[in-house]
Amino acid sequence: MKLYEYMAKEIFRNNGIPVPQGRVFTNAKGVRDFVAQIGPVAIKSQILSGGRGKAGGIKFASDPQEATEKARELLATDLKGLKVDLILVEQKLTIEKELYLAITYDGARRKPLLIASAAGGVEIEQVAEELLVKRLIDINIGLQPYAAREITRQLGLTGQIAKEVADIMLKLYQIYRKYDAELIEINPLVIADSQALAADGKMTVDDDAAYRFEKDVPLVEEKTTVEQRAAELGISYVELDGEIGVMANGAGITMATLDLINEFGSSPRNFMDAGGGSSREATASALEILLSTQPKALLINIFGGITRCDEVAKAIIQVKESIDIQVPMVIRLVGTNEEAGIALLREHGIESYRKIDEAVANVVAFVKAKGA
Amino acid sequence: MTIMINETTKILVQGITGKQGQFHTSQMLASGSKVIGGISPGKGGQVVHGVPIYNTVEEAMVAEKAEASVIFVPAKQVKNCAFEAIDGGIKILVIITEHVPLHDAMEIMAFAEMKQVQIIGPNTFGLISPSKSKIGIMPNSIFIPGSVGVVARSGTLSYEIVSQLTNAGIGQSTVVGLGGDRVVGLSFIDVLAQFEADPETNAVVLVGEIGGNAEEEASIFIKTMSKPVIAFLAGKSAPPGKRMGHAGAIIERGKGTYDSKVVALKAAGVSVASLPWEVSELVKKALIKKGEA
Chain A
136 MKLYEYMAKE IFRNNGIPVP QGRVFTNAKG VRDFVAQIGP VAIKSQILSG
186 GRGKAGGIKF ASDPQEATEK ARELLATDLK GLKVDLILVE QKLTIEKELY
236 LAITYDGARR KPLLIASAAG GVEIEQVAEE LLVKRLIDIN IGLQPYAARE
286 ITRQLGLTGQ IAKEVADIML KLYQIYRKYD AELIEINPLV IADSQALAAD
336 GKMTVDDDAA YRFEKDVPLV EEKTTVEQRA AELGISYVEL DGEIGVMANG
386 AGITMATLDL INEFGSSPRN FMDAGGGSSR EATASALEIL LSTQPKALLI
436 NIFGGITRCD EVAKAIIQVK ESIDIQVPMV IRLVGTNEEA GIALLREHGI
486 ESYRKIDEAV ANVVAFVKAK GA
Chain B
15 MTIMINETTK ILVQGITGKQ GQFHTSQMLA SGSKVIGGIS PGKGGQVVHG
65 VPIYNTVEEA MVAEKAEASV IFVPAKQVKN CAFEAIDGGI KILVIITEHV
115 PLHDAMEIMA FAEMKQVQII GPNTFGLISP SKSKIGIMPN SIFIPGSVGV
165 VARSGTLSYE IVSQLTNAGI GQSTVVGLGG DRVVGLSFID VLAQFEADPE
215 TNAVVLVGEI GGNAEEEASI FIKTMSKPVI AFLAGKSAPP GKRMGHAGAI
265 IERGKGTYDS KVVALKAAGV SVASLPWEVS ELVKKALIKK GEA
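Chains as they are written, first to last, in the working numbering: chain A, 136 to 507; chain B, 15 to 307.
Some clues are possibly wrong.
[To be verified] What follows is a set of in silico ranges between Cβ atoms, one per label pair, in the way DEER data are often shown:
id, chain 1, residue 1, chain 2, residue 2, range
1, B, K256, A, Y346, 21 to 29 Å
2, B, M239, A, L305, 21 to 29 Å
3, B, L43, A, A366, 31 to 39 Å
4, B, Q60, A, K313, 33 to 41 Å
[As the list claims (entries may be wrong)] Once the Cα atoms are required to be at most 30 Å apart in a straight line, the calculated DSS-like pairs of lysine-lysine come out as:
id, chain 1, residue 1, chain 2, residue 2
5, B, K280, B, K303
6, A, K431, B, K256
7, B, K299, A, K246
8, B, K129, B, K57
9, B, K256, A, K215
10, B, K280, B, K269
11, A, K490, B, K299
12, B, K304, B, K269
13, A, K269, B, K303
14, A, K350, B, K256
15, B, K129, A, K490
Because the hints were derived from the structure by calculation, they are not lab data.
We put the beta carbon where it would ideally sit given N, CA and C, even for glycine.
Chain A on its own, in the form it takes in the complex (with noise of 0.2 Å):
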């Protein structure tokens, strides 16, 4: 889960880590007070897609009444498809120098890993690899004094900002661990009056361990409405803009199922993990779900090993009988009981097949004809 940059800036100031004067608003008034009292201001919107300022969602005013017209403009827009309904007027820094630094994981050497670089302010992506500063971290030693040195060393630092962007580098560890944060980013680390500070934050915590930290951090939802049904019944799911209906069980088979799909020449609707051993009234949800995205065909593929194919096959029939169902329906079932599934099904007249090649094969031939 991506947190909203004052969300995660709020976690740098509790936590010690310097950040710009600032504060949240959801309308534009109380804005020009708020200038009158601290000058010059950037204007940010907040929302959680990248390059937020390309996209024009970064304003600067000197005065409160610029800074008040300006506050109106960004929340009456829409960004990259996002309304804006929160903006965060901070106060104006004189930069000096932009750092980068963030720490996230490295899965292949199953470490905490720490990237910095002199090189900030622009997307990292940008930057060239020997600019980069990088340093696993092992997680039961924990990010160090003198390792945050050695690294403030090889970014060229000297002296009392060395020491601070240390000491930053030492707090924002402590967050990363206490938030269970996937990637905490500062881009850019700035220096302004010859002080160190976060100019920007970036957050991503961690869903699986929410439930350590959720008392302290508002939960922000970037799922479409029916992600977030999808979610709430345990079954993983990603909206996309083909034609058929998903519905497999394990992620591995569900994407192999996708590329199928596109391989036989339509597209899928969305991808959709029903999980191993989900009961029929789980299954029967699933599909509701499924159908509420107006697909033009469904496809289900089903592999039972903890999933058993008569539960499958059931669930199916329940959701014909309480659904007027419009579209062709594609089933593919094998694996424990499937005998007893394919049966089930044949006695309601739905007809499923053993093999992937025919289902698919079936699916994309219905598309076809009804777009013909």
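Fit chain B to the known structure of chain A by using the hints.
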């Protein structure tokens, strides 16, 4: 021969009294696995499917030493149970549970590295040496013993590939599921190296997917292997930035794409099947070429 587990491997089940733990213990016993004890705090002295239950791993290890353990407990409890197993002297630890917090997984891996324990998972179906031993949740019926090793990141897709091998009469030496999470214990290379050293594995099937760079790293090792490797990868059509079910299955910042993996694997001499049902044909061809079909 097989890798990692065989008919003599003694196994503990942590979380044996839960619904999944009980069911899969019965399935493991049916497949020939030597499950010698179950762990369930407060339920020591009871028996599940003829298997004695202990309160702690230490208690179980005093009664009879096990080499492997499998964890079926909820995600919040996995870290503690994994530490208990590693501390207790287990050498192969299979973590079936999904949604284990990332930081917990990193802590588990750090402790395992220190104690030289092999971790399979989290979020894995486990591993099986057909007709000898199974530690995991896969359906017994789709496996037959033979000489092809299989290593995979995902569960049901492996079932799909393995049943096609089985239907084509191609048996398996050992099938290992690495797990679908962002941080898992064994890498492709760890398992490939064991298959390379195993005298009775003649070819290896690698089942990968988009996201991360595990397949790219594996291809560097495959260049040094004498045995043929056949691969199938899922996620060719996945859009960037969308997490496709598995925590690790996401194309981020242009990395971990289908194409980059295929290019790397092909450059290492791997036959890459573009459709799942092509795998068994490619395995047959590879074995014939090697003169071992």
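Tested hints:
In this structure the supplied range 21 to 29 Å holds for B:K256 paired with A:Y346, their Cβ-Cβ distance being about 25 Å. With their beta carbons about 43 Å apart, B:M239 and A:L305 fall outside the hinted range of 21 to 29 Å. Range check, B:L43 to A:A366: about 36 Å between beta-carbon atoms, so the 31 to 39 Å window is met. For B:Q60 and A:K313, the hinted distance range of 33 to 41 Å is satisfied, since their beta carbons lie about 39 Å from each other.
Taking the CA atoms of B:K280 and B:K303, the gap is about 17 Å. The hint holds against a cut of 30 Å. For the hint pairing A:K431 with B:K256, the CA-to-CA distance comes to about 22 Å; that is within 30 Å, so the pair holds. Restraint check for B:K299 and A:K246: not satisfied, since their Cα atoms lie roughly 40 Å apart, outside the 30 Å limit. This hinted pair checks out: B:K129 and B:K57 have alpha carbons roughly 28 Å apart, not beyond 30 Å.
The suggested pairing of B:K256 with A:K215 holds, with an alpha-carbon distance near 16 Å, which does not exceed 30 Å. For the hint linking B:K280 to B:K269, the alpha-carbon distance of about 18 Å falls within 30 Å, and the restraint holds. A threshold of 30 Å between alpha carbons decides the hint, and for A:K490 with B:K299 the separation of about 22 Å falls inside it, so the pair holds. A hinted pair counts as satisfied when its Cα atoms are at most 30 Å apart, and B:K304 with B:K269 does not qualify at roughly 34 Å.
Of the pairs offered as hints, the one joining A:K269 and B:K303 is violated, with about 44 Å between alpha carbons and a cut-off of 30 Å exceeded. For the given pair, A:K350 sits about 27 Å from B:K256 by alpha-carbon distance, which is consistent with the 30 Å threshold. For the proposed pair B:K129 and A:K490, the alpha carbon gap of about 45 Å is over 30 Å, so the pair is violated.
Violated hints, in rising order: 2, 7, 12, 13, 15; the structure is consistent with all others.
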